[in-house]
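Top line first, the protein sequences correspond to chains B and V.
Going by this note's numbering, the first residue of the first sequence is number 10, and it counts up by one from there.
Going by this note's numbering, the first residue of the second sequence is number 10, and it counts up by one from there.
Keep in mind that the hints were calculated from the coordinates and are not lab data.
Check each hint, because a few of them may be wrong.
When chains are identical, the list treats them as one kind, so a pair holds in a single copy or across two.
For lysine-lysine, the following DSS-like pairs were computed, each having C-alpha atoms within a straight-line distance of at most 27 Å [as the list claims (entries may be wrong)]: (1) Lys110 <-> Lys133; (2) Lys114 <-> Lys230; (3) Lys13 <-> Lys29; (4) Lys171 <-> Lys182; (5) Lys270 <-> Lys120; (6) Lys270 <-> Lys133; (7) Lys182 <-> Lys72; (8) Lys151 <-> Lys114; (9) Lys110 <-> Lys270; (10) Lys171 <-> Lys95; (11) Lys13 <-> Lys151; (12) Lys73 <-> Lys11; (13) Lys95 <-> Lys120; (14) Lys171 <-> Lys151; (15) Lys140 <-> Lys230; (16) Lys110 <-> Lys230; (17) Lys114 <-> Lys72; (18) Lys171 <-> Lys270; (19) Lys270 <-> Lys76; (20) Lys95 <-> Lys110; (21) Lys72 <-> Lys242; (22) Lys140 <-> Lys242; (23) Lys140 <-> Lys270.
Here the structure is a predicted model, which is why all the values come from computation and not from measurement.
Number of protein chains: 2
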Amino acid sequence: MKNKPIGIFDSGVGGLTVAKAILELLPNESVIYIGDTARIPYGTRGRDVITSFATELVEFLLKKDVKYLVAACNTISATCLEEIQKLSPVPILGVIKPAAKEAIKTTKSGKIGVIGTRATIGSKIYEKELKILSPDVEVTTKACPMFVPIAEEALGRHEIAKTMAYEYLTEFKDSGIDTLILGCTHYPLLREVIQEAVGNEITLIDSASPTARLLNEELEKNNLFNERSAERKFYVTDAPERVFQIADVFLGKHVVPTLEKVTL
Amino acid sequence: MKNKPIGIFDSGVGGLTVAKAILELLPNESVIYIGDTARIPYGTRGRDVITSFATELVEFLLKKDVKYLVAACNTISATCLEEIQKLSPVPILGVIKPAAKEAIKTTKSGKIGVIGTRATIGSKIYEKELKILSPDVEVTTKACPMFVPIAEEALGRHEIAKTMAYEYLTEFKDSGIDTLILGCTHYPLLREVIQEAVGNEITLIDSASPTARLLNEELEKNNLFNERSAERKFYVTDAPERVFQIADVFLGKHVVPTLEKVTL
Chain B
10 MKNKPIGIFD SGVGGLTVAK AILELLPNES VIYIGDTARI PYGTRGRDVI TSFATELVEF
70 LLKKDVKYLV AACNTISATC LEEIQKLSPV PILGVIKPAA KEAIKTTKSG KIGVIGTRAT
130 IGSKIYEKEL KILSPDVEVT TKACPMFVPI AEEALGRHEI AKTMAYEYLT EFKDSGIDTL
190 ILGCTHYPLL REVIQEAVGN EITLIDSASP TARLLNEELE KNNLFNERSA ERKFYVTDAP
250 ERVFQIADVF LGKHVVPTLE KVTL
Chain V
10 MKNKPIGIFD SGVGGLTVAK AILELLPNES VIYIGDTARI PYGTRGRDVI TSFATELVEF
70 LLKKDVKYLV AACNTISATC LEEIQKLSPV PILGVIKPAA KEAIKTTKSG KIGVIGTRAT
130 IGSKIYEKEL KILSPDVEVT TKACPMFVPI AEEALGRHEI AKTMAYEYLT EFKDSGIDTL
190 ILGCTHYPLL REVIQEAVGN EITLIDSASP TARLLNEELE KNNLFNERSA ERKFYVTDAP
250 ERVFQIADVF LGKHVVPTLE KVTL
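Only chain B is shown next, with the shape it has when bound in the complex:
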């Protein structure tokens, strides 16, 4: 069991920010990644559609005989984590709890902001998870739907990213929050403009490192560290030239060796 791969799934290539953190913290682990680039974005869609797409991603990875699954997508983690966990014989880690835990550790004012897709924010999952960890925390949330297409078009530092960041985030500036959760795996690509819009006093938290650390703890606790050579496979459901370019932006120096196209 321990020598099987970890399966990571996402609506597209945003989850590569999580995969990158996992590859850095757990370089000896085999990893299979699948991004549903043929149907991205998920964050603007309804709950039943997201659940049906996520189920197909889980089924794809289960056929690859994985030991552990990571839903490297806030929208999936927010809307249907419990449903897909019920379908899966191996555990599925979401990205919400790790980010919530990190935010609670970080905040001093007890006031936390959360930004994400319309589906993630509409689910109210962050409020729920944050209040489980710390019942008195005050949570302010905001959907920022334009951030995903901006990141996908590699316009994260463009004037329109700044314009939208100021428009979406100005309300956080004097709200008393000291911590802001980037509740979408695309948002780290807009980190600079987001920081500028909310001011330097607010700490930005993303899901990638906290999720990798939690996965590390889980593998250790369950004695699941790989003892063979590590392999890495990246699948996408649509692979026009652009996907390779964006994958490079998201994965940074861990250049994707091959992106294989599959149909779900």
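Since the structure of chain B is already known, use the hints to place chain V on it.
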């Protein structure tokens, strides 16, 4: 045969701009519309994925026993019209030829610009169709990928629409073109900022009215006008609250009576 409905299909709700023109010109016709809102946008995807999605839309409408089909989507018309025409026992009208014909009628300088999704512009279909109609025409094209999410977020008159319009379209301003084809059914929602960016001397052409007129001619020529009472049905593959709001924006006064959700 003549009393069967016209089937109109699109990647989402953008095709409602075409449906609206058809409903206005042919109020006695029964219409069935399907928008693949669960998988929109198509224009950023690869050719094989677009073809496979479009095939499912055609199959859905053929089961509804239609007499004529309209691909009310530039991306579908540009990438796979011939493939889906081969599958269909009823004719399929695309939106490229009607817009190209209208542009040739309009231009005096013989220089025409075309904007569209990355898939549409990459296909070079507009150059091909325009040069068939008028071999000496000069064609300049530009993909404007941010316009679809801007229209979908109802930000067509927002500052970011202006910013992107100036960035994408400034090159047209002194290019000598006198006619610009809005080669995507979403773009009429940015008509004002597009006109401002290219200047008032350039005439904007969209696919909606020319396609409706060509459909009218075809029905007349083939003696296919409906002689019974007209019915209208609108289907989408995902129907969160927002889709209803956007559908209203696109369809204008022809308010969508019911949007029924189906799975392809």
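To see whether the hints hold, each was checked on the structure:
1. For the identical chains of this complex, Lys110 and Lys133 are intra-copy neighbours only, at 16 Å inside a copy versus 50 Å across copies, given an alpha-carbon limit of 27 Å.
2. In this assembly of identical chains, the alpha carbons of Lys114 and Lys230 lie at most 27 Å apart only when taken from the same copy (22 Å versus 73 Å across copies).
3. Taking CA atoms no more than 27 Å apart as the test, Lys13 paired with Lys29 passes inside one copy only; the shortest distance there is 19 Å, against 54 Å between copies.
4. In this homomeric assembly, Lys171 and Lys182 come within 27 Å of each other (Cα to Cα) both inside a single copy, at 15 Å, and across copies, at 26 Å.
5. Proximity of Lys270 and Lys120 under a CA criterion of 27 Å is satisfied in neither setting, with 43 Å inside one chain copy and 40 Å between copies.
6. Proximity of Lys270 to Lys133 under the C-alpha cut-off of 27 Å is restricted to the inter-copy arrangement: shortest distance 25 Å between copies versus 34 Å within a copy.
7. For the identical chains of this complex, Lys182 and Lys72 are neighbours neither inside a copy (47 Å) nor across copies (54 Å), given an alpha-carbon limit of 27 Å.
8. When the C-alpha separation of Lys151 and Lys114 is checked against a cutoff of 27 Å, the pair qualifies only within one copy, where the shortest distance is 21 Å, while the shortest distance between copies is 48 Å.
9. In this assembly of identical chains, the alpha carbons of Lys110 and Lys270 never lie at most 27 Å apart, being 35 Å within a copy and 38 Å across copies at closest.
10. Proximity of Lys171 and Lys95 under a CA criterion of 27 Å is satisfied in neither setting, with 41 Å inside one chain copy and 47 Å between copies.
11. Taking the shortest alpha-carbon separations for Lys13 and Lys151, neither the intra-copy value of 39 Å nor the inter-copy value of 47 Å comes in at or below 27 Å.
12. Taking the closest pair of Cα atoms, Lys73 and Lys11 come within 27 Å of each other only inside a single copy of the chain (14 Å); across copies the shortest separation is 52 Å, beyond that limit.
13. For the homomeric pair Lys95 and Lys120, neither the shortest alpha-carbon distance inside one copy (33 Å) nor that between copies (60 Å) is at most 27 Å.
14. Taking identical chains as interchangeable, the C-alpha atoms of Lys171 and Lys151 lie at most 27 Å apart whether they share a chain (16 Å) or sit on different chains (24 Å).
15. In the homo-oligomer, the alpha carbons of Lys140 and Lys230 lie at most 27 Å apart inside one protomer (26 Å), although the nearest pairing across protomers, at 67 Å, exceeds that limit.
16. Taking identical chains as interchangeable, the C-alpha atoms of Lys110 and Lys230 lie at most 27 Å apart only when both belong to the same chain, with a minimum of 19 Å there against 68 Å between chains.
17. Proximity of Lys114 and Lys72 under a CA criterion of 27 Å is satisfied in neither setting, with 37 Å inside one chain copy and 57 Å between copies.
18. Taking identical chains as interchangeable, the C-alpha atoms of Lys171 and Lys270 are never at most 27 Å apart, the minima being 34 Å within one chain and 36 Å between chains.
19. Only within a single protomer do Lys270 and Lys76 lie at most 27 Å apart by alpha-carbon distance; the minimum there is 23 Å, versus 36 Å between protomers.
20. For a Cα distance limit of 27 Å, the shortest separation of Lys95 from Lys110 inside one copy, 23 Å, qualifies, whereas the shortest one across copies, 55 Å, does not.
21. Taking the shortest Cα distances, Lys72 and Lys242 sit within 27 Å of each other inside one copy (14 Å), while across copies they are farther apart (40 Å).
22. For the identical chains of this complex, Lys140 and Lys242 are neighbours neither inside a copy (37 Å) nor across copies (45 Å), given an alpha-carbon limit of 27 Å.
23. With identical chains, the CA atoms of Lys140 and Lys270 are never at most 27 Å apart, being 41 Å at best within one copy and 35 Å at best between copies.
Hints 5, 7, 9, 10, 11, 13, 17, 18, 22 and 23 from the list above are not met by this structure, while the remaining hints are.
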